[in-house]
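Peer 1: Sequence:
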Amino acid sequence: MPDPMSPPSDYPAVVDATIPPLGRFLAEGSALVTWPFTARTARRIAAARRGDGRAVMVIPGFLAGDPMTSRLRRMLRIAGYAPHGWGLGMNRGVTPDLLDRLAARLEAIAQAEGTPVSLVGWSLGGLYARELAKRRPDLVDRVITLGSPFSGDPRANRAWKLYERINGHLVDRPPIDVDLPAKPPMRTIALWSAEDGIVAPACARGLPHEADSAVRVACRHMDFVTAPAALAAILDALEA
Numbered sequence: 001m002p003d004p005m006s007p008p009s010d011y012p013a014v015v016d017a018t019i020p021p022l023g024r025f026l027a028e029g030s031a032l033v034t035w036p037f038t039a040r041t042a043r044r045i046a047a048a049r050r051g052d053g054r055a056v057m058v059i060p061g062f063l064a065g066d067p068m069t070s071r072l073r074r075m076l077r078i079a080g081y082a083p084h085g086w087g088l089g090m091n092r093g094v095t096p097d098l099l100d101r102l103a104a105r106l107e108a109i110a111q112a113e114g115t116p117v118s119l120v121g122w123s124l125g126g127l128y129a130r131e132l133a134k135r136r137p138d139l140v141d142r143v144i145t146l147g148s149p150f151s152g153d154p155r156a157n158r159a160w161k162l163y164e165r166i167n168g169h170l171v172d173r174p175p176i177d178v179d180l181p182a183k184p185p186m187r188t189i190a191l192w193s194a195e196d197g198i199v200a201p202a203c204a205r206g207l208p209h210e211a212d213s214a215v216r217v218a219c220r221h222m223d224f225v226t227a228p229a230a231l232a233a234i235l236d237a238l239e240a
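The numbers in the working numbering rise by one with no breaks, and the one at position 192 of the sequence shown is 192.
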């Protein structure tokens with residue numbers, strides 16, 4: 001097990017991987033105001049799609065749970081997919097048994113639906129999705145990350161201090177072995193936003209070898225699971 005108190009390691013340089021400015025961070029609050037007014041547009045976007053019935057597992061971000069991704073999952077169902085939450089309560093951070101629990105959930109979904117599962121991970125949840133896909137590639141169709149900082153400096157965001165305070169380990173020394181920049185062995189699509197006020201956009205976009213494609217989305221970090229533009233991008237990624 002990695003030593004949670006060992007010094008931070010070196011990370012590959014990513015252009016402009018700086019903490020989002022305060023003004024952009026404060027603007028994230030607008031997502032809480034605008035999301036109720038975009039439901040009709042999101043439903044219209046979803047209804048126009050013809051999904052193939054594939055299972056989709058949606059993994060929430062830090063300090064979020066399945067209720068925060070419920071609208072996205074409803075829209076995925078309307079679009080013709082079989083969405084599932086992660087079923088593990090609030091995402092408080094990495095624990096030694098995290099990937100084992102996620103793998104068990106993934107196996108249950110794949111068995112119930114009879115299809116490989118597409119993983120959609122929001123923020124920290126996208127890091128889980130990438131690592132889970134490396135562990136169980138036989139069960140994963142593709143990986144789609146939503147504003148997830150898998151590349152570059154793990155402190156180029158506005159959540160790392162709170163994460164370390166809650167979890168008791170350094171953000172780059174989790175209690176499991178990971179290789180975040182390494183691309184999973186299946187189609188991997190990174191959705192990122194230049195307006196992200198929590199994660200440095202470059203860290204969510206990554207380098208060319210870290211994902212098969214990187215798609216810019218016009219939304220904020222907190223909008224990735226509610227904004228119509230993000231929904232359209234997720235559906236495009238599921239169809240790619």
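Mixed in with the good hints, there may be bad ones.
[What the hints assert, rightly or not] Label-pair ranges, simulated between beta-carbon atoms:
hint	residue 1	residue 2	range
1	Arg92	Arg216	39 to 47 Å
2	Pro185	Asp52	30 to 38 Å
3	Arg77	Trp35	14 to 22 Å
4	Ala48	Leu162	32 to 40 Å
5	Gly80	Pro137	19 to 27 Å
6	Arg40	Gly168	40 to 48 Å
7	Gly80	Arg216	33 to 41 Å
8	Gly89	Lys161	35 to 43 Å
Derived from the structure by calculation, the hints contain no laboratory data. Heads up, the beta-carbon is just placed ideally off N, CA and C, and yes, glycines get one too.
Peer 1: Confirm or reject each hint.
Peer 2: Now for the hints, and whether the structure bears them out:
Taking the beta carbon of each, Arg92 and Arg216 are about 30 Å apart, not inside 39 to 47 Å as hinted. Taken as a hint, the range 30 to 38 Å is violated for the pair Pro185 and Asp52, whose Cβ atoms sit roughly 21 Å apart. The beta-carbon spacing between Arg77 and Trp35, approximately 18 Å, falls within the hinted interval of 14 to 22 Å. Evaluation of the 32 to 40 Å hint for Ala48 and Leu162 yields a pass: the beta carbon distance comes to about 39 Å.
For Gly80 and Pro137, the Cβ-Cβ distance of about 25 Å falls inside the hinted range of 19 to 27 Å, so the restraint holds. Remark: the range hint 40 to 48 Å for Arg40 to Gly168 is upheld by a beta-carbon distance near 44 Å. Between Gly80 and Arg216 the beta carbons are some 25 Å apart, a value that contradicts the proposed interval 33 to 41 Å. At roughly 23 Å, the beta-carbon separation of Gly89 and Lys161 lies outside the given 35 to 43 Å, and the hint is violated.
Of the numbered hints listed earlier, those contradicted by the structure are 1, 2, 7, 8.
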